[in-house]
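Okay, here's what each chain looks like letter by letter:
Protein chains: 2
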Amino acid sequence: MPKESRQYMKLLNLQEIKQYLESLDLIPLIEQGFVAYSQGKAVMPPVGELLIEEHAGEVHIKYGLIKQDDIYVIKIASGFYNNADLGLPSSNGLMLVFRQQTGEALAVLHDEGHLTDIRTAVAGAIAAKHLAPKSVNRIGVVGIGIQARLQLLFLKQVTNCRDVMVWGRNTVACDAYAKDMQVQGFNVQMAPDTQEIMQNCQLIITTTPSKTPLLHVSNLRAGTHITAVGADTPEKQELDAEILAKADLVVVDSKSQCKLRGEASHALEQKLITEKDMLELGTVISGDAKSRTSEKQITVADLTGVAVQDIQIAKAVYLACLFKKAHV
Amino acid sequence: MPKESRQYMKLLNLQEIKQYLESLDLIPLIEQGFVAYSQGKAVMPPVGELLIEEHAGEVHIKYGLIKQDDIYVIKIASGFYNNADLGLPSSNGLMLVFRQQTGEALAVLHDEGHLTDIRTAVAGAIAAKHLAPKSVNRIGVVGIGIQARLQLLFLKQVTNCRDVMVWGRNTVACDAYAKDMQVQGFNVQMAPDTQEIMQNCQLIITTTPSKTPLLHVSNLRAGTHITAVGADTPEKQELDAEILAKADLVVVDSKSQCKLRGEASHALEQKLITEKDMLELGTVISGDAKSRTSEKQITVADLTGVAVQDIQIAKAVYLACLFKKAHV
Chain B
1 MPKESRQYMK LLNLQEIKQY LESLDLIPLI EQGFVAYSQG KAVMPPVGEL LIEEHAGEVH
61 IKYGLIKQDD IYVIKIASGF YNNADLGLPS SNGLMLVFRQ QTGEALAVLH DEGHLTDIRT
121 AVAGAIAAKH LAPKSVNRIG VVGIGIQARL QLLFLKQVTN CRDVMVWGRN TVACDAYAKD
181 MQVQGFNVQM APDTQEIMQN CQLIITTTPS KTPLLHVSNL RAGTHITAVG ADTPEKQELD
241 AEILAKADLV VVDSKSQCKL RGEASHALEQ KLITEKDMLE LGTVISGDAK SRTSEKQITV
301 ADLTGVAVQD IQIAKAVYLA CLFKKAHV
Chain X
1 MPKESRQYMK LLNLQEIKQY LESLDLIPLI EQGFVAYSQG KAVMPPVGEL LIEEHAGEVH
61 IKYGLIKQDD IYVIKIASGF YNNADLGLPS SNGLMLVFRQ QTGEALAVLH DEGHLTDIRT
121 AVAGAIAAKH LAPKSVNRIG VVGIGIQARL QLLFLKQVTN CRDVMVWGRN TVACDAYAKD
181 MQVQGFNVQM APDTQEIMQN CQLIITTTPS KTPLLHVSNL RAGTHITAVG ADTPEKQELD
241 AEILAKADLV VVDSKSQCKL RGEASHALEQ KLITEKDMLE LGTVISGDAK SRTSEKQITV
301 ADLTGVAVQD IQIAKAVYLA CLFKKAHV
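Residue numbers (my numbering), protein chains in the order written: chain B, 1 to 328; chain X, 1 to 328.
A portion of the hints provided could be inaccurate.
Since copy identity is lost for identical chains, a pair holds within one copy or between any two.
List time: in silico DSBU-like cross-link candidates among lysine-lysine, alpha-carbon distance up to 35 Å [what the hints assert, rightly or not]:
(1) Lys236 / Lys246
(2) Lys236 / Lys41
(3) Lys10 / Lys324
(4) Lys18 / Lys41
(5) Lys324 / Lys18
(6) Lys10 / Lys67
(7) Lys236 / Lys67
(8) Lys324 / Lys290
(9) Lys246 / Lys134
(10) Lys246 / Lys18
(11) Lys129 / Lys236
(12) Lys10 / Lys296
(13) Lys276 / Lys179
(14) Lys259 / Lys10
Derived by calculation from the structure, the hints in this document are not laboratory data.
Isolated chain B (complex conformation) (with noise of 0.2 Å):
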């Protein structure tokens, strides 16, 4: 006869997943899974997807697992892009987590997407603790977005430069990202171009969806870092390619990936560089690959996003609900 119900398992709503992620130094948790995944314990099948024409929807569903850890993850991410006229996000979605020795359903973090945008920033804190410079007298933003936030924030924990430069075509929206950085620690002036940031900043984030490219190889300078975290798409640029060719090191957050989308595909298209020329992330926070050697250096991280980090913070959130239920 049917079965009878045996299986307990947790939904939190994003409320509770931020009180839990307060608690959780996130930036170890991904960078495991980076070195994870560069060293092949990640099985990552084949991205699914599925189109809803009628109200410009899609809907992304990634999933994985790192062998011998408990859990496997299965993240559905969606974009609906008339959700404004709603008056409601485009972006949504939810991780589920999974035990992996039996299949039982453990947590539904229905997140809407939160999660997502946080172990996206957090993998530009980690670009940044690995490449940048010692001395940064200035960060620099191209965006004035959730990442262009998102990033600041977790840069805290990576460098003590609090002084930051922004650009972004609404000045409007500038403003607005100006204020609310400043809530968060740090003193925000506006570049008038990306010529300036480029001038200025040793450490510079790029976060938008931009299709040509914002930052010009004419303007690069010495003993400057930059992440490029907005394209993740083959159709999407934000730097000139001659930046690539002309950096020292060109770190990737996946080889596979990004030699069909993002930053280094458009490089490796225009023959600029060479597959060889491309570091995993995960290489050099392990210590495989070299890694920044001199403060006059260029370097660029090109970060499209890795299952492994879904995998990696749904795994924290799900176990600090687990353990920590009491301080919540």
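Chain B is already provided as a structure; the job is to place chain X on it using the hints.
Using the frame of chain B, we list chain X on its own:
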């Protein structure tokens, strides 16, 4: 800044799902799904798969929608074949319901695989409703597992026959089956072999994971309908392929799927039938294809499972929860 939580998602466990199922008339709902599928109104991308060899685990991700509908559904179904050692069932799963207009998550149905069992049994009842002869004196059941039970329960809705003959390899388990089904109002007689079933039953359901045929063409009688639900991979086979060659009608749930797996695939491979001999269940239900025209005809339904069944049952449970909360 990070978005504030604004969404409310329902989480239903197996017990709650069972309560809602009791209020639902599933046959017409699943019939509508088959019709929509055969009319090309369903979108069902390729199935995602995650294999966990260390624990003999496999996870399947099936998802899709019916165009112009309100929802889309993602189903996670797993089989972990070492679970018995831990006292757990091997199969498990859940279904997620999302709003097709916006991508918002509406519900998690933590059914542990039960909804898949039910929608499979309902499809069997639908096949019998449209294809079995009017006069059924005895129902034959091959297999003694969950499907062998659920198929009988749903057949109650489409036939008045309560006399059953069952065959299974394990006689102790056969006894348990007979007792369970007697409680449900059936008179159950054990058959020494499947020949006995084929000689005495007009409506036969096969529900085993057999890889060699259990029903043989030499025992096939005029006026028989057979529904085969066990074979859902290219290797499995319950019916002698000659039975399909001799049948007046061969009805499949999905032509594209049954070309590759299930009973029809074997008959096609042996060139005993052609693709033109296969009718899709949705076209029989809608009347676009002919159904049984005489009591003497032989009909076969080959059911391998289609995502529209999942979509329809998940939607029905979600709506029952939404509108009938007070009755539970």
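Hint check results:
When the C-alpha separation of Lys236 and Lys246 is checked against a cutoff of 35 Å, the pair qualifies only within one copy, where the shortest distance is 20 Å, while the shortest distance between copies is 59 Å. Taking identical chains as interchangeable, the C-alpha atoms of Lys236 and Lys41 lie at most 35 Å apart whether they share a chain (29 Å) or sit on different chains (33 Å). For the identical chains of this complex, Lys10 and Lys324 are neighbours both inside a copy (14 Å) and across copies (24 Å), given an alpha-carbon limit of 35 Å. For the homomeric pair Lys18 and Lys41, the shortest alpha-carbon distance inside one copy (29 Å) is at most 35 Å, but the shortest distance between copies (40 Å) is not.
Proximity of Lys324 to Lys18 under the C-alpha cut-off of 35 Å is found in both arrangements, the shortest distances being 13 Å within a copy and 33 Å between copies. Within a single copy, Lys10 and Lys67 get their C-alpha atoms as close as 24 Å, and across copies as close as 32 Å, so both meet the 35 Å cut-off. For the identical chains of this complex, Lys236 and Lys67 are neighbours both inside a copy (32 Å) and across copies (30 Å), given an alpha-carbon limit of 35 Å. Within a single copy, Lys324 and Lys290 get their C-alpha atoms no closer than 38 Å, and across copies no closer than 62 Å, so neither meets the 35 Å cut-off.
In this homomeric assembly, Lys246 and Lys134 come within 35 Å of each other (Cα to Cα) only inside a single copy, at 20 Å, whereas the closest approach across copies is 80 Å. In the homo-oligomer, the alpha carbons of Lys246 and Lys18 never lie at most 35 Å apart, since the shortest distance is 40 Å inside one protomer and 63 Å across protomers. Taking the shortest Cα distances, Lys129 and Lys236 sit within 35 Å of each other inside one copy (25 Å), while across copies they are farther apart (54 Å). Taking the closest pair of Cα atoms, Lys10 and Lys296 never come within 35 Å of each other, the shortest separation being 50 Å inside a single copy and 55 Å across copies.
When the C-alpha separation of Lys276 and Lys179 is checked against a cutoff of 35 Å, the pair qualifies neither within a copy, at 43 Å, nor between copies, at 69 Å. In the homo-oligomer, the alpha carbons of Lys259 and Lys10 never lie at most 35 Å apart, since the shortest distance is 38 Å inside one protomer and 40 Å across protomers.
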